[in-house]
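Asker: One letter stands for each residue in the lines below.
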Amino acid sequence: MQETKRKLKRQPLRAAAFVSALILIPATMAAGIIFFDGRKYYITSLLLILYIMLPFFLSFERRKPQPKELAAAAVMCAVAAGGRIAFFWLPQFKPTAALIIMAGISFGPQSGFLLGAVTAFVSNFYFGQGPWTPWQMLALGLTGLAAGLIFKKSYLPDNPLLLSLFGAAAAIIIYGGIVNLGSLLISTGTVTVRSLAASYLAGLPMDAVHAASTFIFLFFAAGPILKILKRIKAKYGIYV
Amino acid sequence: MSRAFDSLHPAVSFVFFLCAVGFSMCCMNPVMLLISFISSLLFLFVLTGEKSLKYLLFSFPAAAAVAAVNTAFNHRGATILLYVNGNPITLESIVYGTASGIMLMSVIIWFACLNRVMTSDKLIYLFARVSPSLSLLFSMILRFVPKMKRRAKHIASAQKCSGAAAAKTADRIKNSLSAVVILISWSFEDAADTADSMKCRGYGLPGRSVFYKYSLTLKDVSVLAAIILFAAFSAAGGISGAVYVSYFPAYSAAACGGPAFFTYAAYAVLLNIPLGLCLTEELKWCFLKSKI
Amino acid sequence: MVLFEIKNLSFSYPEAEKKALDCISLTVKEGELIVLCGPSGCGKTTLLRSLKPPAAPHGSRDGEILYRGIPLNEVPDRRLAEEIGFVFQNPDNQIVTDKVWHELSFTLESLGLDSAAIRRRTAEMSGFFGISGWFEHDTADLSGGQKQLLNLAAAAAASPKVLLLDEPTAQLDPVAAADFFSALLRISRELGTTVILSEQRLEEILPYADRAAVMENGRIIADGTPQAVGKHLKESANGMYGAMPSAMKIYYGLDSVGECPVSVRDGRRFLGEYLKDLSNRPSVERKKTEEKAPAIETRDLWFRYEKDSPDILKSLNLTVPSGSFFAVTGANGSGKSTLLSLLSGLLKPCRGNIRLEGKKISKYSQSELYSGIVSLLPQSPQALFTKSTLKEELEEAAKARGVSEARLDEIRRLTDIKELSDRHPYDLSGGEQQRAALAELLLSEPRILLLDEPTKGIDAVYKSKLAGIIKRLCRNGTTVLTVSHDIEFCAEYADFCAMLFDGKIIASAPARDFFAGNTFYTTAANRISRDYFSNAVTNDEVVELCRKQKEN
Chain A
1 MQETKRKLKR QPLRAAAFVS ALILIPATMA AGIIFFDGRK YYITSLLLIL YIMLPFFLSF
61 ERRKPQPKEL AAAAVMCAVA AGGRIAFFWL PQFKPTAALI IMAGISFGPQ SGFLLGAVTA
121 FVSNFYFGQG PWTPWQMLAL GLTGLAAGLI FKKSYLPDNP LLLSLFGAAA AIIIYGGIVN
181 LGSLLISTGT VTVRSLAASY LAGLPMDAVH AASTFIFLFF AAGPILKILK RIKAKYGIYV
Chain B
1001 MSRAFDSLHP AVSFVFFLCA VGFSMCCMNP VMLLISFISS LLFLFVLTGE KSLKYLLFSF
1061 PAAAAVAAVN TAFNHRGATI LLYVNGNPIT LESIVYGTAS GIMLMSVIIW FACLNRVMTS
1121 DKLIYLFARV SPSLSLLFSM ILRFVPKMKR RAKHIASAQK CSGAAAAKTA DRIKNSLSAV
1181 VILISWSFED AADTADSMKC RGYGLPGRSV FYKYSLTLKD VSVLAAIILF AAFSAAGGIS
1241 GAVYVSYFPA YSAAACGGPA FFTYAAYAVL LNIPLGLCLT EELKWCFLKS KI
Chain C
2001 MVLFEIKNLS FSYPEAEKKA LDCISLTVKE GELIVLCGPS GCGKTTLLRS LKPPAAPHGS
2061 RDGEILYRGI PLNEVPDRRL AEEIGFVFQN PDNQIVTDKV WHELSFTLES LGLDSAAIRR
2121 RTAEMSGFFG ISGWFEHDTA DLSGGQKQLL NLAAAAAASP KVLLLDEPTA QLDPVAAADF
2181 FSALLRISRE LGTTVILSEQ RLEEILPYAD RAAVMENGRI IADGTPQAVG KHLKESANGM
2241 YGAMPSAMKI YYGLDSVGEC PVSVRDGRRF LGEYLKDLSN RPSVERKKTE EKAPAIETRD
2301 LWFRYEKDSP DILKSLNLTV PSGSFFAVTG ANGSGKSTLL SLLSGLLKPC RGNIRLEGKK
2361 ISKYSQSELY SGIVSLLPQS PQALFTKSTL KEELEEAAKA RGVSEARLDE IRRLTDIKEL
2421 SDRHPYDLSG GEQQRAALAE LLLSEPRILL LDEPTKGIDA VYKSKLAGII KRLCRNGTTV
2481 LTVSHDIEFC AEYADFCAML FDGKIIASAP ARDFFAGNTF YTTAANRISR DYFSNAVTND
2541 EVVELCRKQK EN
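Protein chains in written order, with our numbering: chain A, 1 to 240; chain B, 1001 to 1292; chain C, 2001 to 2552.
None of these hints come from the bench; they were simulated from the model.
Values in this document were obtained by computation on a predicted structure and should not be read as measured data.
Built from N, CA and C at the ideal position, the CB exists for glycine as well.
Please note that a few of the clues may not be correct.
[Unchecked claim] Residues of chain A clear of chain B, computed beta-carbon distances all greater than 12 Å:
(1) LEU48
(2) ILE49
(3) PRO131
(4) LEU149
(5) LEU165
(6) ILE172
(7) ILE173
(8) GLY177
(9) PRO205
(10) ALA208
(11) ILE216
(12) ILE232
(13) LYS235
[Claimed, not checked] Once the Cα atoms are required to be at most 27 Å apart in a straight line, the calculated DSS-like pairs of lysine-lysine come out as:
(14) LYS2399(C) / LYS1168(B)
(15) LYS1153(B) / LYS2292(C)
(16) LYS2387(C) / LYS230(A)
(17) LYS1153(B) / LYS2418(C)
(18) LYS235(A) / LYS2234(C)
(19) LYS2465(C) / LYS2336(C)
(20) LYS227(A) / LYS1174(B)
(21) LYS235(A) / LYS1147(B)
(22) LYS2359(C) / LYS1168(B)
(23) LYS1147(B) / LYS2307(C)
(24) LYS2052(C) / LYS233(A)
(25) LYS2007(C) / LYS2019(C)
(26) LYS1174(B) / LYS2465(C)
(27) LYS2292(C) / LYS2391(C)
(28) LYS64(A) / LYS235(A)
(29) LYS2007(C) / LYS2292(C)
(30) LYS1153(B) / LYS2504(C)
(31) LYS2387(C) / LYS227(A)
(32) LYS2550(C) / LYS2234(C)
(33) LYS2363(C) / LYS2314(C)
(34) LYS2007(C) / LYS2052(C)
(35) LYS2456(C) / LYS2336(C)
(36) LYS227(A) / LYS1147(B)
(37) LYS1219(B) / LYS1122(B)
(38) LYS227(A) / LYS2418(C)
(39) LYS1284(B) / LYS1051(B)
(40) LYS2307(C) / LYS1153(B)
Only chain A is shown next, with the shape it has when bound in the complex (with noise of 0.2 Å):
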């Protein structure tokens, strides 16, 4: 009772907030038109940005999580963010679109964004943050929402093969569609067809390697580690 409770005052806030943000969006842009000066697809497309996340942190805050719900949130990100170094020996592999992929699958789609948002400014706190920091948050925000909005459900999907697709798919469409239009336009400031190819092309090398980790992450361990979130959400009694 009381868990269902908790889930419906979810929906009238974020049914508000994507309101408001429709009504920011078409505003934002007109401003951005009028007053901006040379950065003003940037500008505009920061504040969009802003937008699109900010209904996702104001219901993890309305929701007032319980401290299971924390405490299961700040390992899963902490594990994205620093788990990097049990692969030490191999720089290139990158095991956190992997990770957040499997925490939307299990988590669903609100906490894929959330945790794939919070860990990208996370681990930005050691490596830097940067202009490009925004779109690193959004990209790996809209990685866990696709995954926990296509794989709905919470075991291990019958197809090991699929799920590795999908992690390899998302980090070149998803992840790097989104970082690479992010550097477009902090470095030119202006979007053209050509320049958005040309970006994609020159960012096709690092986003191969990417989608190669994430494949090969998910292939092997998505099944054992799967596993052991569903048995935490039964512990810890997370329902989604």
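Chain A is already provided as a structure; the job is to place chains B and C on it using the hints.
Answerer: Leaving out everything else, chains B and C in the frame of chain A:
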């Protein structure tokens, strides 16, 4: 020397950096760009000493890349220098690219300063006012990450010594993967204790307060006032078009008159407030020491 | 004034056949310091957790607990947070935030105090506990002892009426444990806070307890002053008697009159009385153990982590005879773990060489080294477990190393883990996990076994089981080297002992002679008897010498 700025209330530093980065990104006027670039470099030097040169070198390739990208894709401009693959390379786009490069370098250096000044303590404090649960989550993650790193190393060594052979790369990957699996499993078990600890300490009781470690002093308020004042002047100058430039089709700037200089001055003062604070502190110390 | 009144409390975990708590009745008066003791699994943790509802386990409960006259589950949450503090066993897991000051203020924030009040209270706490020096530090940079002290301070921050502590020093080294106890005793004495703690380290804390309660199988089998409890345990020949302080055991080993001593000081006084006619200084005859060829040998070993960091090991020379049980002791931070990492081939020395079984360690290939030469049992056995049941874990490991089913069975028998096969490794107790990890390591048939602090947080029963396994391995020719803080364990069971200090091995001798030669770093029995006997190290030796004296 940087303690003069470090000791300011986080909200004040945050507002400063917001202005610094925000204005740097908004304005393409070459004088403004140079002011931003030089101020950021000076401040970084005060904060990190010789390491600032490393940052400078680091950001160079990025800036060069930006200039190149702009040149390659931006074909607006009146003065065509040459044709590459049928695309015109114009002088204006090279100039614009270089300007963009300098802007990017300034932004990167401002962020480097921000990373140095805004420690995790201060960022979490700022968040705590706005979103206490989120800031607690950050605090917990920052607490866990070093633990995870240490633990991952511990697991890797334990696995190695237990005879789980690791000759080929494939095996090493498998071992690292199982290390992450163990890491997750183990850390979640421990996190149950952390959650219990939170509950025992009363987390979840209604009326939770936030411990505000920082309080606004007179110095904070006056610095903040100065920042807002000069930011307002700079913004006014920017909006009124006094420092407006356009690179395309040919370089043209607004009249170089009083308002322009005024804006430049206000901008320079704004961006050098921290530097000023640090230098005044240094001078004060030298003065006091000489009195002994 | 009665603080807690527990009446016929029974509790069982879901799906458990046995009761975890069976008709427990206990009264706790204000200001008392009560020590709960008992073997692993007797219900101490369950009982303590039941006294603080947010930490209480889920299951079926019977009987009642009254807190200051009110049923515990009717006490408002706020009062519970304010008046009852809890310190858990693992120092690391309890820490929630990333900064020391935040940890201290956490409870106060939950209670809704304003910033000024919090600032004042945390300043007070820091002063009282001596934390002021590390107020601004990251919690990640603290040592185990500092962390546990921080947890104590955080629990005490709200000025609780009672502090519950679940084996708080189990994971700490002796020095940190002593610091912790002295802080705890200050709270108890100077603030009058009621303290209920469960402990294995009875030697240090029992002398200060007002009462002791012994638990077994969910029941309280003895409850009274430490002396009364000791008498009861001795008379009923209970296994827990083995955990009692040395002074008590020596007293009961002889036919003694007068009050039973509990602390080392009391023990010395007692012995002084008992041996007041002693004229000479008898000593224990020990037979010389035959020293075999060295299995581990290091010569002029130097190591540091970075080019600019200080040397951890400086010209370290160590010789470990084959088939022996060798213990290396030393203070926290002296480099014991580094030494183990070097001996196991995880780190390479900067200078000097290491020989295992006569061959230089660098001459072994990685796979050779770990499939039959050396194995390392880590401090936390959890680092090895990948599967969800012990059976799967061992079977997979056996398959990977080409070990037969028969040999696996033998190893299971040796390490006494047959009944644990279907359990999840993380659900096992500390001692069980360790034996399971040991079993996994033994699958590689190592000639040299390295143990990193094997007795941390393990109770007396498991310690003797572990010692039995080690002895059996040594008899079969395996060399066992352990790094340990546990003086009593090393004195009782090790063949040889060495001390690591300032990067060198500064003393190495047969175990008992080693401890007999120390003044501070030695067993309680030795400290009690050193004025009278020159080299008695264990309780049995003291008793034997006393008896011999009386016969003369």
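Asker: Evaluate each hint against the coordinates.
Answerer: Hints and how they fare:
1. LEU48: holds, 16 Å
2. ILE49: holds, 15 Å
3. PRO131: Check fails; 6 Å does not lie beyond 12 Å.
4. LEU149: holds, 23 Å
5. LEU165: holds, 18 Å
6. ILE172: holds, 21 Å
7. ILE173: Holds, since 22 Å exceeds 12 Å.
8. GLY177: holds, 18 Å
9. PRO205: Consistent with the label, PRO205(A) stays out of reach of chain B, its closest Cβ about 15 Å off (over 12 Å).
10. ALA208: At roughly 17 Å from the nearest Cβ of chain B, ALA208(A) sits farther out than 12 Å, so the non-interface label holds.
11. ILE216: violated, 7 Å
12. ILE232: Label violated. Min Cβ-Cβ 5 Å, cutoff 12 Å.
13. LYS235: Violated: least Cβ distance 7 Å, not greater than 12 Å.
14. LYS2399(C) / LYS1168(B): Satisfied, since the Cα-Cα distance of roughly 18 Å is no more than 27 Å.
15. LYS1153(B) / LYS2292(C): violated, 36 Å
16. LYS2387(C) / LYS230(A): With Cα atoms ~15 Å apart, LYS2387(C) and LYS230(A) stay inside 27 Å; holds.
17. LYS1153(B) / LYS2418(C): violated, 31 Å
18. LYS235(A) / LYS2234(C): violated, 42 Å
19. LYS2465(C) / LYS2336(C): Since the Cα atoms of LYS2465(C) and LYS2336(C) sit roughly 24 Å apart, the hinted pair holds (cutoff 27 Å).
20. LYS227(A) / LYS1174(B): Holds, because 18 Å separates the two Cα atoms, which is no more than 27 Å.
21. LYS235(A) / LYS1147(B): holds, 23 Å
22. LYS2359(C) / LYS1168(B): Cα-Cα ~25 Å, so holds.
23. LYS1147(B) / LYS2307(C): At roughly 25 Å apart (the allowed maximum being 27 Å), LYS2307(C) and LYS1147(B) satisfy the hint.
24. LYS2052(C) / LYS233(A): With a Cα-Cα distance of about 24 Å, the restraint between LYS2052(C) and LYS233(A) holds, given a limit of 27 Å.
25. LYS2007(C) / LYS2019(C): holds, 16 Å
26. LYS1174(B) / LYS2465(C): Distance of about 35 Å is beyond 27 Å: violated.
27. LYS2292(C) / LYS2391(C): The given pair, whose Cα atoms are some 37 Å apart, is violated under the 27 Å limit.
28. LYS64(A) / LYS235(A): holds, 20 Å
29. LYS2007(C) / LYS2292(C): violated, 60 Å
30. LYS1153(B) / LYS2504(C): Roughly 26 Å between the alpha carbons, so the hint for LYS1153(B) and LYS2504(C) holds.
31. LYS2387(C) / LYS227(A): holds, 11 Å
32. LYS2550(C) / LYS2234(C): Holds - the C-alpha atoms of LYS2234(C) and LYS2550(C) are around 22 Å apart, at most 27 Å.
33. LYS2363(C) / LYS2314(C): holds, 23 Å
34. LYS2007(C) / LYS2052(C): holds, 16 Å
35. LYS2456(C) / LYS2336(C): Between LYS2456(C) and LYS2336(C) the Cα gap is close to 15 Å, so the pair holds against 27 Å.
36. LYS227(A) / LYS1147(B): Holds, at about 23 Å.
37. LYS1219(B) / LYS1122(B): The given pair, whose Cα atoms are some 17 Å apart, holds under the 27 Å limit.
38. LYS227(A) / LYS2418(C): holds, 26 Å
39. LYS1284(B) / LYS1051(B): holds, 26 Å
40. LYS2307(C) / LYS1153(B): With a Cα-Cα distance of about 21 Å, the restraint between LYS2307(C) and LYS1153(B) holds, given a limit of 27 Å.
Of the numbered hints given earlier, the model fails hints 3, 11, 12, 13, 15, 17, 18, 26, 27 and 29; all others are met.
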